[in-house]
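Residue numbers (the UniProt record's numbering), protein chains in the order written: chain A, 1 to 512; chain B, 1 to 512.
Heads up, a few of these hints could be off.
No distinction is drawn between identical chains; accordingly, a pair holds when it is met within one copy or between any pair of copies.
[What the hints assert, rightly or not] Straight-line C-alpha distance at most 20 Å; calculated EDC-like pairs for lysine to aspartate or glutamate: (1) Lys48 x Asp412; (2) Lys76 x Asp43; (3) Lys76 x Asp489; (4) Lys409 x Glu39; (5) Lys80 x Glu44; (6) Lys48 x Glu415; (7) Lys504 x Glu69; (8) Lys504 x Asp173; (9) Lys178 x Glu487; (10) Lys80 x Glu218; (11) Lys409 x Asp43; (12) Lys210 x Asp222; (13) Lys48 x Glu218; (14) Lys504 x Glu72; (15) Lys189 x Glu487; (16) Lys504 x Glu89; (17) Lys178 x Glu416; (18) Lys409 x Asp509.
To be clear, the hints were calculated from the coordinates, so they are not data collected in a lab.
Protein chains: 2
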Amino acid sequence: MSDAAPSGRRGRNARRERRQAGPAGQAVPYISRNIPNFEILSDEGAEKIEANTDRILAEIGLEFREDPEVLEIWKKAGAKVDGERVRFEKGMLQELVKTAPAQFTQHARNPARNVEIGGNNLVLAPVYGPPFVTDLDQGRRYGTIEDFRNFVKLAYMSPWLHHSGGTVCEPVDLPVNKRHFDMVYSHIKYSDKPFMGSVTAPERAEDSVKMAQITFGEEFVDQNCVMIQLINANSPLVFDATMLGALKVYARHNQACIVSPFILAGAMSPVTVAGTLSQVLAEALAGCALTQLIRPGAPVVFGAFVSSISMQSGAPTFGSPEGSLLLNGAAKLARRLNLPFRSGGSFTASKVPDAQSAQESAQTILATVQSGVNFCLHAAGWLEGGLCSSYEKFVMDADQLGMMHVLAKGIDISEESLAMDALQEVGPGGHFLGAAHTQRNFESAFFRSSIADNNSYEQWLADGELDAARRANTRWKEQLRAYTGPELDPGIDEALQAFMTERKASFPDSNV
Amino acid sequence: MSDAAPSGRRGRNARRERRQAGPAGQAVPYISRNIPNFEILSDEGAEKIEANTDRILAEIGLEFREDPEVLEIWKKAGAKVDGERVRFEKGMLQELVKTAPAQFTQHARNPARNVEIGGNNLVLAPVYGPPFVTDLDQGRRYGTIEDFRNFVKLAYMSPWLHHSGGTVCEPVDLPVNKRHFDMVYSHIKYSDKPFMGSVTAPERAEDSVKMAQITFGEEFVDQNCVMIQLINANSPLVFDATMLGALKVYARHNQACIVSPFILAGAMSPVTVAGTLSQVLAEALAGCALTQLIRPGAPVVFGAFVSSISMQSGAPTFGSPEGSLLLNGAAKLARRLNLPFRSGGSFTASKVPDAQSAQESAQTILATVQSGVNFCLHAAGWLEGGLCSSYEKFVMDADQLGMMHVLAKGIDISEESLAMDALQEVGPGGHFLGAAHTQRNFESAFFRSSIADNNSYEQWLADGELDAARRANTRWKEQLRAYTGPELDPGIDEALQAFMTERKASFPDSNV
Numbered sequence: 001m002s003d004a005a006p007s008g009r010r011g012r013n014a015r016r017e018r019r020q021a022g023p024a025g026q027a028v029p030y031i032s033r034n035i036p037n038f039e040i041l042s043d044e045g046a047e048k049i050e051a052n053t054d055r056i057l058a059e060i061g062l063e064f065r066e067d068p069e070v071l072e073i074w075k076k077a078g079a080k081v082d083g084e085r086v087r088f089e090k091g092m093l094q095e096l097v098k099t100a101p102a103q104f105t106q107h108a109r110n111p112a113r114n115v116e117i118g119g120n121n122l123v124l125a126p127v128y129g130p131p132f133v134t135d136l137d138q139g140r141r142y143g144t145i146e147d148f149r150n151f152v153k154l155a156y157m158s159p160w161l162h163h164s165g166g167t168v169c170e171p172v173d174l175p176v177n178k179r180h181f182d183m184v185y186s187h188i189k190y191s192d193k194p195f196m197g198s199v200t201a202p203e204r205a206e207d208s209v210k211m212a213q214i215t216f217g218e219e220f221v222d223q224n225c226v227m228i229q230l231i232n233a234n235s236p237l238v239f240d241a242t243m244l245g246a247l248k249v250y251a252r253h254n255q256a257c258i259v260s261p262f263i264l265a266g267a268m269s270p271v272t273v274a275g276t277l278s279q280v281l282a283e284a285l286a287g288c289a290l291t292q293l294i295r296p297g298a299p300v301v302f303g304a305f306v307s308s309i310s311m312q313s314g315a316p317t318f319g320s321p322e323g324s325l326l327l328n329g330a331a332k333l334a335r336r337l338n339l340p341f342r343s344g345g346s347f348t349a350s351k352v353p354d355a356q357s358a359q360e361s362a363q364t365i366l367a368t369v370q371s372g373v374n375f376c377l378h379a380a381g382w383l384e385g386g387l388c389s390s391y392e393k394f395v396m397d398a399d400q401l402g403m404m405h406v407l408a409k410g411i412d413i414s415e416e417s418l419a420m421d422a423l424q425e426v427g428p429g430g431h432f433l434g435a436a437h438t439q440r441n442f443e444s445a446f447f448r449s450s451i452a453d454n455n456s457y458e459q460w461l462a463d464g465e466l467d468a469a470r471r472a473n474t475r476w477k478e479q480l481r482a483y484t485g486p487e488l489d490p491g492i493d494e495a496l497q498a499f500m501t502e503r504k505a506s507f508p509d510s511n512v
Numbered sequence: 001m002s003d004a005a006p007s008g009r010r011g012r013n014a015r016r017e018r019r020q021a022g023p024a025g026q027a028v029p030y031i032s033r034n035i036p037n038f039e040i041l042s043d044e045g046a047e048k049i050e051a052n053t054d055r056i057l058a059e060i061g062l063e064f065r066e067d068p069e070v071l072e073i074w075k076k077a078g079a080k081v082d083g084e085r086v087r088f089e090k091g092m093l094q095e096l097v098k099t100a101p102a103q104f105t106q107h108a109r110n111p112a113r114n115v116e117i118g119g120n121n122l123v124l125a126p127v128y129g130p131p132f133v134t135d136l137d138q139g140r141r142y143g144t145i146e147d148f149r150n151f152v153k154l155a156y157m158s159p160w161l162h163h164s165g166g167t168v169c170e171p172v173d174l175p176v177n178k179r180h181f182d183m184v185y186s187h188i189k190y191s192d193k194p195f196m197g198s199v200t201a202p203e204r205a206e207d208s209v210k211m212a213q214i215t216f217g218e219e220f221v222d223q224n225c226v227m228i229q230l231i232n233a234n235s236p237l238v239f240d241a242t243m244l245g246a247l248k249v250y251a252r253h254n255q256a257c258i259v260s261p262f263i264l265a266g267a268m269s270p271v272t273v274a275g276t277l278s279q280v281l282a283e284a285l286a287g288c289a290l291t292q293l294i295r296p297g298a299p300v301v302f303g304a305f306v307s308s309i310s311m312q313s314g315a316p317t318f319g320s321p322e323g324s325l326l327l328n329g330a331a332k333l334a335r336r337l338n339l340p341f342r343s344g345g346s347f348t349a350s351k352v353p354d355a356q357s358a359q360e361s362a363q364t365i366l367a368t369v370q371s372g373v374n375f376c377l378h379a380a381g382w383l384e385g386g387l388c389s390s391y392e393k394f395v396m397d398a399d400q401l402g403m404m405h406v407l408a409k410g411i412d413i414s415e416e417s418l419a420m421d422a423l424q425e426v427g428p429g430g431h432f433l434g435a436a437h438t439q440r441n442f443e444s445a446f447f448r449s450s451i452a453d454n455n456s457y458e459q460w461l462a463d464g465e466l467d468a469a470r471r472a473n474t475r476w477k478e479q480l481r482a483y484t485g486p487e488l489d490p491g492i493d494e495a496l497q498a499f500m501t502e503r504k505a506s507f508p509d510s511n512v
């Protein structure tokens, strides 16, 4: 009986699962925002911050550590290099980033899932980096490659995530120096959405590029962006050798770098919004300019991962109002440089998918959609300050991202939407449920949450008094059960596996 | 020992409670927004909706039921009256509302708590109307006058609520036809923030005005707004005798009416945003214009309580993206009439203060702050589609309102905020915690949540693994224990009590 159950299910539940299974009909490959940018930072404010940044770049400078090649590149470009400290004349970096594209396509192996990064577009990608995973059944533990594959599958199944992301969790059961093979392979095998490559060492970046070449073809990869990578600055005002190494590999191969200051304001930047924005701009400008010196025209994204710390305990805080202001201001600074912008996510410091987690995540996701972010990492699954990928939170966040698709469409003012026929048909004191206009439009009328319970208290009691986290627990398991993967060309699959096997055998396991 | 405990507490806990007790030092009497309005609805869109509304008013009209006096007023003003149906020529109502003030002061009995309603200002008031209350200890039950007083006290204690509100819960233990005395008295006695009067019958409105006159003086009440009232339209396109009766009493006494379409789109209005906005504008315009016919210059607020229904079950939904679009569009329509605007709140359909409740509330509160709302009812405590006032949610929402105060300040671009001295002092790779600039600014630097837990996972485990709702449970009880009420002139108190006693004795109890 139990073996037959999946195909034997009938009626409402089966229909519900079909409707929810896989990228739905409403799905779009990315959001094209039809709403204006909400600009909290004024033009005058932006100019003051830019002038502040010019002083930082010229007077303080940045350090590029343990990478003589990068120092040589800067020297040749005319920067003032003093040991590892590099200073820049006013306007130099702004001039250099002009060769970067304002918008570019990241290709997916399924062309229907290509994303446009830049302009009015917003691409939503899952959480990146947590060593831990958690769910309501098993609790919190280290992530494994099985968890990794599960999150890739959940992102594939969601119509509201446009991207497969990168390190959706750390597969801690695999050796550090080899897990990148399995991560990149999982993105290619279990999804056909665009993905991210490894940045933890230059050779792992090269391996990622090689696997992309096997999948897309060498020539195609050289001429097109098929991977996007997270290059964090080591704030304040430092780029380290690991990040520089990865940046160089990807820029040379014409693959996109997201140059992201990673800042907890008050510790890694000044305790004020304007001071922090000045530093963000300096760091992002320097990293973006470097990619253009390596390969002019290579795609690059101005990134900003910026939150604050608790001034009592020093603990990182997320979803704070200052975080929203920082995000909003940085978006404007990126726009003024004509660069795509990355920020945002379902940030929270909460340890569980509770009200704190939802409130903090909602703050940041709304700021993300409204401020003009182009690429949003961490859009689903983030918990505990980024230390933990949560299965429940993943599907709760994805549901909220669905709402953002509606919000980003803005207000339709077509004749059909103005609904004069419905108003005339119903009249004072009437009821619109049966109106012809309602019948014509109800299917697409309102967003349908897969998590929210809108029933009466009595019905909710009868349904078991579940809170949102418990409903999400049911939801992600349904999604994984319903998962059927996209086709992958067997020749490509075989070639990827052969490459991985050979490379893995060529050097010993290591956990650094 | 236990009797002595409150005064005997020492050290960290006692300091914490002092800092949190009562309206804090950061408190402001209302928010003066220093951020632009986020306008999703374009000017062209607004014009189309206004033209649609003109047709609704002229072709369909509204019904004003069981109130011959109001029909007579409309007839005299030149409207086309046909039975209870009233139609309006293009521009007539827009002309009438020109006598309404764009901004007005609602006086509190403590002048330091007066609020400005209109312009760039936002006044936050608690939940209104729920028959049920709930907390984690006792669960859900009917509200009592004790609960009512508790919510008045919690609103008084919060630095982030500017207003005492109205029916913070229904005191179901008191007779329907007399509970308004105790509600109005509780607002006056246990708070000194501004409040709302009764609207459930014209004589209860008169009683409310009388109690305001005892408190503020007759002449003062006639010349100043000391109460604001919620007048709901019976959508679609109907005003009933109860609401019209209350509207007339308050407008004649120069007290503010919030004329609010109460709409669940799809049932009580078209299933589209633009159609619903057209109806909202027609209903609000008619009600606002009526107040000006009764007393030109009387303060009035364009209200919009608009959400949607689930098209599967018919259940109301809250915190939806369509709700945010409706709120945003209605705010612009009100601005174009130069009328103060009421909307927003901590809306949710959830039955518990869980992730759903927080996510939905955050959606609406952010839309409220960003769209230019002037008066926000239901800003704290709302649960279960407005059927239930939650103690935990009340303090969680209030905490979020604190964050909104920070967001509404926008981005400071002063020299001190630009922080060049900190950047120069710290330099690449340094740490800002010890910088002089950080020391100068850390006290006011970042919003301090009273609910969020930002600690490490290990610390959170050691603290008992509490979710946000459990921390809120501790918080509201601390707040009630720490409550000390504002002074009330004993003569006024005595006069209020004498009035109530005499009036209560003059007619029998009734539950209608």
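Which of the stated hints cannot be reconciled with the structure, identified by number in ascending sequence? 2, 3, 5, 7, 9, 10, 13, 14, 16, 17 and 18
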